[in-house]
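Q: Residue numbers (my numbering), protein chains in the order written: chain A, 1 to 382; chain B, 1 to 382.
Be aware that one or more of the hints could be misleading.
Unchecked claim - Simulated pairs of lysine to aspartate or glutamate, EDC-like, Cα-Cα distance not exceeding 16 Å:
#1 B:238 to B:349
#2 B:242 to A:290
#3 A:332 to A:298
#4 B:205 to A:360
#5 A:242 to B:290
#6 A:205 to B:254
#7 B:303 to B:340
Stated by the list, open to error - Just some of the chain B residues that point at chain A, by a computed CB distance under 8 Å:
#8 184
#9 220
#10 223
#11 235
#12 241
#13 245
#14 251
#15 257
#16 320
What the hints assert, rightly or not - To spell it out: a stretch of chain B is covered by chain A in this simulated footprint if at least three of its residues, at any positions, have a beta carbon under 8 Å from a beta carbon of chain A; those stretches are:
#17 117-127
#18 210-219
Just so you know, the hints here were simulated from the structure itself, not pulled from any lab data. Beta carbons: idealized from backbone N, C-alpha and C, even for Gly.
There are 2 protein chains.
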Amino acid sequence: MTELPGIVGVEKKFFTFEGLTLENGSFFGPVTLAYETLGTLNPDKSNAILVCHALTGDSHVAGYYGEYEKKPGWWDIMVGPGKAIDTNRYYVICSNILGGCMGSTGPSSVDPATGEPYGLTFPVVTIMDMVSAQHRLVRELGIDRLHSVIGGSLGGMQVLSWCYQYPFMVRSAVVLASTMRHSALAIAFNEVARQAIVSDPKWSKGHYYGKSTPSTGLSVARMIGHITYLSDESMRQKFGRKLQGKDDFSFDFETDFQVESYLRHQGAKFVDRFDANSLLYITKAADYFDLTRYNDYEDVLVKLREASVKFLVVSYTSDWLYPTYQSRDIVKVLKRNSLDVSFCEIEADCGHDAFLLPSDRLAGMICSFLAGVHTVSGKGRP
Amino acid sequence: MTELPGIVGVEKKFFTFEGLTLENGSFFGPVTLAYETLGTLNPDKSNAILVCHALTGDSHVAGYYGEYEKKPGWWDIMVGPGKAIDTNRYYVICSNILGGCMGSTGPSSVDPATGEPYGLTFPVVTIMDMVSAQHRLVRELGIDRLHSVIGGSLGGMQVLSWCYQYPFMVRSAVVLASTMRHSALAIAFNEVARQAIVSDPKWSKGHYYGKSTPSTGLSVARMIGHITYLSDESMRQKFGRKLQGKDDFSFDFETDFQVESYLRHQGAKFVDRFDANSLLYITKAADYFDLTRYNDYEDVLVKLREASVKFLVVSYTSDWLYPTYQSRDIVKVLKRNSLDVSFCEIEADCGHDAFLLPSDRLAGMICSFLAGVHTVSGKGRP
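Using the sequences and the hints given, assemble the complete structure.
A: Structure (structure tokens):
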């Protein structure tokens, strides 16, 4: 990998609007979205790319807020000057999802009606709702049509929802390590993570703000998640049966193995940066995700064809959370409807998280895919 | 499957001995093992088969205690008159493991020195320790050599430990859906389950006996376990995205999907029958299991060849907890040492738990394998 520097001086911005009608039928507002942009929007506003983050990501997709920041944004390997998603060429937008806890309105936000954090009075939002909110932001930025919408995992679900809800606002879509229909296995893991949180007495039915947080439950939930992001092979390579700083077993319940220490560390670190209720809401949104449950889903495919939307779908051999067959299902539906879709299954040992790791293969694929998306192709109907 | 009736009138018996020196170097005792036997020991005591149970199993391998019992023992499909492990022919023994909570000495047992339950003063025992205790029982029953030792999962680890510790006391060994070396992935799942338990404030560092038990933590731990016993495919077939007794999403955090309801039910049911500390100890024993860490492990293979011990190793295509390659590792080691080993990977969608489910294939294989084990083959050196 060529290591290119990231942008320094990225700003977190906020966009507030009156609210939106949710999939559950109710109106919710006001809504604030935290977002960041990189690169420059061209005069005809045709070079915008929306990057959608995964479960616990945020708007800080790439670059550094300032020199003081030790680590760049979560996808700096992919987004920046001269990188696959080249900020010299594209105007990249990334916003924290509705329901999140990184600046966008979520269960930890203060309800203006009560002056108290929403907690469980926050509505159960869906991926479609998250995308409806992003849509407001994109419109606010004056953009009629996105050059591309790109995301992995939960971000990939948002990409598919963009195509479903706003087919004429998307020129191309990149769906990485994702699914059009959350599986029973994936629901199962999410449900156990949620149970770990709600079983923590400090969760207090979601009213823990200003008091002590359900950190042990949240930590266990994160540990469960982390296992699903790795693979048998990557864990064998990374940890195997290596012991943590000792020569023999402890014969007690302290940490013996490095993999235990790693998971505990991941759990503990997560507690400092993430809100437990947000994890409940976002995992629920993922579980609800099923494009095939919408009656007009086939009609939308016709619109996508009309709009000549191009697709790139990527899966990873060792991803057992959203295995390749689920990506193939997306590809099948698109191809059956004569849509222009490229598909690649990347051979990788590192499991679901592969799309977040440096990969010349993925970078090359995204770069050339984006270059092949013509701004004039297909009709936009903004 | 031909459904054959099970034996009615099985008795749970107890064997107490002064104790044993554990792998951690300390002496622990007294030890009681709960055990059950089916069939009749023949005059030359050559027809005994030891069945080793898995993580949360017990001595009640087959048959019914009485007419009142609604469900037979956990492997009644395999063990009984005319069944694959035919109790008309074989004398079947099954004992609850050391560290368990189904009648054998474990952390919930009363320490005679204090009059209080052991809790965390119970020593961290290993699979080898469990087998050392079983060995005492087998000796007590007057048996010098077992026709076979059979077990799946954690039971398979016990089978391998029997071969390692007492190669001349075993005529044959059947290892189902198991491993010779607990993987990082399997350790990871166990560690998260343990963290779920110890994070429950009611766990009180293991001193919860006579008070309220860490049922929420234990329930989450069981839910995690249950996911690993199934497979993506089996969950899709069994649950898919079916909703639990409703037509649409609840848009709250109640149960929406059948898979959630199933897992919560499994968690809740488990809490009634299992001790949280026992789960800590038994998962730890599994994590410690690694035959290759013993320096004399290659020497034992020579002894097993000398004793003409026959092996049957079975794996399942959809078992991702102990995948086929781990069974192949066992087979490779045995074959490299010219041992008589049959191996079969069974095509099955149902995941790790497959060995507990009705299967003519497995039944046929075990039945003919046992028939092919000659009581005169190889030298016993009891």
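Q: Now tell me, hint by hint, if it's right for this structure.
A: Now for the hints, and whether the structure bears them out:
1. Annotation: proposed proximity of residue 238 (chain B) to residue 349 (chain B) holds, straight-line Cα distance about 11 Å (limit 16 Å).
2. A C-alpha spacing of about 12 Å is found between residue 242 (chain B) and residue 290 (chain A), which places the hinted pair at or below 16 Å, so the restraint holds.
3. Straight-line distance between C-alpha atoms of residue 332 (chain A) and residue 298 (chain A) comes to about 13 Å, which keeps the hinted pair within the 16 Å bound.
4. As the CA atoms of residue 205 (chain B) and residue 360 (chain A) are separated by approximately 49 Å, the hinted pair breaks the 16 Å bound.
5. For the hint pairing residue 242 (chain A) with residue 290 (chain B), the CA-to-CA distance comes to about 12 Å; that is within 16 Å, so the pair holds.
6. Proximity of residue 205 (chain A) to residue 254 (chain B) is assessed by CA-CA distance (about 12 Å); at most 16 Å being required, the pair is judged to hold.
7. At most 16 Å may separate the alpha-carbon atoms for a hinted pair to count; residue 303 (chain B) and residue 340 (chain B) meet this at roughly 13 Å.
8. The beta carbon of residue 184 (chain B) comes within 4 Å of a beta carbon in chain A, closer than 8 Å, and the hint placing it at the interface holds.
9. Taking 8 Å as the C-beta cut-off, the interface hint given for residue 220 (chain B) holds, the closest approach to chain A being about 5 Å.
10. With 8 Å as the threshold, the beta carbon of residue 223 (chain B) comes within range of chain A, its nearest partner Cβ sitting at about 5 Å, so the hint holds.
11. The restraint placing residue 235 (chain B) at the interface with chain A holds, with a minimum CB-CB distance near 4 Å, inside the 8 Å limit.
12. Contact between residue 241 (chain B) and chain A, as hinted, is supported at the beta carbon level, the nearest pair being about 6 Å apart and thus within 8 Å.
13. Annotation: interface hint on residue 245 (chain B) violated; nearest CB of chain A at approximately 16 Å, more than 8 Å.
14. Because the closest C-beta pair between residue 251 (chain B) and chain A is about 4 Å apart, less than 8 Å, the hint holds.
15. A distance limit of 8 Å between C-beta atoms decides the matter here; for residue 257 (chain B) the minimum to chain A is near 5 Å, and the interface restraint holds.
16. The restraint placing residue 320 (chain B) at the interface with chain A holds, with a minimum CB-CB distance near 7 Å, inside the 8 Å limit.
17. Counting residues of the segment 117-127 of chain B whose CB lies closer than 8 Å to any CB of chain A gives 3, which reaches the minimum of 3, so the coverage claim holds.
18. Evaluation of the coverage hint for the segment 210-219 of chain B: fulfilled, as 3 residues show C-beta separations to chain A shorter than 8 Å, against a requirement of three.
The structure does not agree with the numbered hints 4 and 13 stated previously, though it agrees with the rest.
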